[in-house]
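Student: Following the hints, put chain B in place on chain A, whose structure we already have.
2 protein chains.
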Amino acid sequence: MAKPHTQTCPIAAFLNVFGDAWTLMIIREAFYGATRFTEFQRNTGAARNLLSDRLAMLVSNGVLERQNVGEQGTRYAYRLTDKGQSLVPVLVAMMQWSNAHLYDKDHAPVELIDRQYLRPLPTMQPTNGDGNILGWADILAKPGPGANSKALARIRDSRHGTP
Amino acid sequence: MAKPHTQTCPIAAFLNVFGDAWTLMIIREAFYGATRFTEFQRNTGAARNLLSDRLAMLVSNGVLERQNVGEQGTRYAYRLTDKGQSLVPVLVAMMQWSNAHLYDKDHAPVELIDRQYLRPLPTMQPTNGDGNILGWADILAKPGPGANSKALARIRDSRHGTP
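First to last, the sequence lines map onto chains A and B.
Position one of the first sequence corresponds to residue 216 (our numbering), numbered consecutively onward.
Position one of the second sequence corresponds to residue 216 (our numbering), numbered consecutively onward.
What the hints contain is simulated information worked out from the structure, not anything from laboratory work.
Just so it is clear, the structure is predicted and the values come from calculations on it, not from any experiment.
Among the hints, erroneous ones may be present.
Identical chains share a label here; the pair holds if one copy fits it or two copies do between them.
Said to hold, decoys possible - Here are the simulated SDA-like cross-link-like pairs (lysine to any residue), alpha carbons at most 25 Å apart as the crow flies:
1) Lys298 <-> Asn276
2) Lys298 <-> Phe252
3) Lys357 <-> Ala315
4) Lys218 <-> Asp268
5) Lys320 <-> Asn283
6) Lys357 <-> Gln340
7) Lys298 <-> Gly359
8) Lys218 <-> Asp235
9) Lys218 <-> Ala315
10) Lys365 <-> Asn347
11) Lys357 <-> Leu295
Isolated chain A, as found in the complex:
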C-alpha cells in the first residue's frame, strides 16, 4: 500500500483503509456472499499476493473476520464484521452514482432492489433531522471533538465550514 495519509480527516482515514482499486472490490464480493480465498480471487481477478495482503489488512482493521472452517486441516472463511456490514451506505452511494453517471442511460449493469417489494431503491441522499433532502450547499462542516489545529484551520477557511 502507498504511504498513508496523516491528515486528521474522516475521508483521509477512510482512504487509508479503502483507497486503492482492489480493496472495495473485495468488500463488494464479501457483500455478494463470497467467503473463500478462491472465490475472492475468481470474482475480482486480483493476483494472489495482492489479495492476500488486502484480506489481511481488512482483518487487521476489523472489517472482515477470518475463521478456520476446515474439518481436516486449515481452511479459512472471511466474513464481514458488524463494522464491515456498516459499509452498506457507502457501497449503495457508489453504485447509484456510477449507474447514473458512468453508464449511458439504460445500460446500468446492476440495480439494487428491495427484497420485500422488488422495487428499485430510491437514490440515497443526505437529509436533515426533519427528513428534508440536503444538497452540498445546505451542508456545513463543523470541527468535531477530535479536530487538531490543522483541521480547525482547514474548516474555518472552507466555503463549507462553520463560521
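Tutor: Relative to chain A, chain B alone:
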C-alpha cells in the same frame, strides 16, 4: 494509474475513476471550495505531477471542469461539474462511516451539520420506496439492462442476487 478493472460492475467502474488514495482527497478539496492548483496541493499534500495527473483525469471524466481565469496569461480554476456535485452522497456516507468506525467515540475530527438548523446530519441509510430503512439483508442485486453474461452469472450465484 493502475490497470483499470474491466468487469461490468458499477463499483469497478467507480474505482476506475476514484480507486486511489489521492483522487477522493482532491474531490474533498473541491467540495471544501478549493479551485486552484496550489490550493489542492497545499491542502492534500499531493506531489505536483501526481496532482496534475489526477486533475487532468477528473476533467477528462467530466467530474471537474477547468476554466482559464487569468486576467493576464493563463491561470486555471477547477470546479465540480453537476456530475461531480452528485458525489455528495458518496462523500457523506464515507465521512459518516469513518467517524463512526475509525475514530474512538467523541474523537471525530469533522462533523456535518445542516446550514439551516446547525444540527448534525442523521446517518444516511438506504431506504425502500416507502422510506423504510434497509440493511444489506433487505437488498437484492438485479441484473440491469447493461449486464453481460459474466455479470448475469455473478448476480445469479450471489446470496444477494435476484433468484
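Student: State for each hint whether it applies.
Tutor: So, going through the hints one by one against the coordinates:
Taking the shortest alpha-carbon separations for Lys298 and Asn276, only the intra-copy value of 9 Å comes in at or below 25 Å, while the best inter-copy value is 32 Å. Taking CA atoms no more than 25 Å apart as the test, Lys298 paired with Phe252 passes inside one copy only; the shortest distance there is 20 Å, against 36 Å between copies. For a Cα distance limit of 25 Å, the shortest separation of Lys357 from Ala315 across copies, 16 Å, qualifies, whereas the shortest one inside one copy, 30 Å, does not. In this assembly of identical chains, Lys218 and Asp268 lie within 25 Å of each other by CA distance both inside one copy and across copies; the values are 15 Å within and 18 Å between.
In this homomeric assembly, Lys320 and Asn283 never come within 25 Å of each other (Cα to Cα): the closest approach is 44 Å inside a single copy and 31 Å across copies. With identical chains, the CA atoms of Lys357 and Gln340 are at most 25 Å apart both within one copy (20 Å) and between copies (21 Å). Proximity of Lys298 to Gly359 under the C-alpha cut-off of 25 Å is restricted to the intra-copy arrangement: shortest distance 21 Å within a copy versus 29 Å between copies. With identical chains, the CA atoms of Lys218 and Asp235 are at most 25 Å apart both within one copy (12 Å) and between copies (12 Å).
Within a single copy, Lys218 and Ala315 get their C-alpha atoms only as close as 32 Å, which misses the 25 Å cut-off; across copies the closest is 23 Å, which meets it. In this assembly of identical chains, Lys365 and Asn347 lie within 25 Å of each other by CA distance neither inside one copy nor across copies; the values are 32 Å within and 39 Å between. For the homomeric pair Lys357 and Leu295, the shortest alpha-carbon distance between copies (21 Å) is at most 25 Å, but the shortest distance inside one copy (31 Å) is not.
Taken one by one, the earlier hints fail for this structure at numbers 5 and 10, listed in ascending order.
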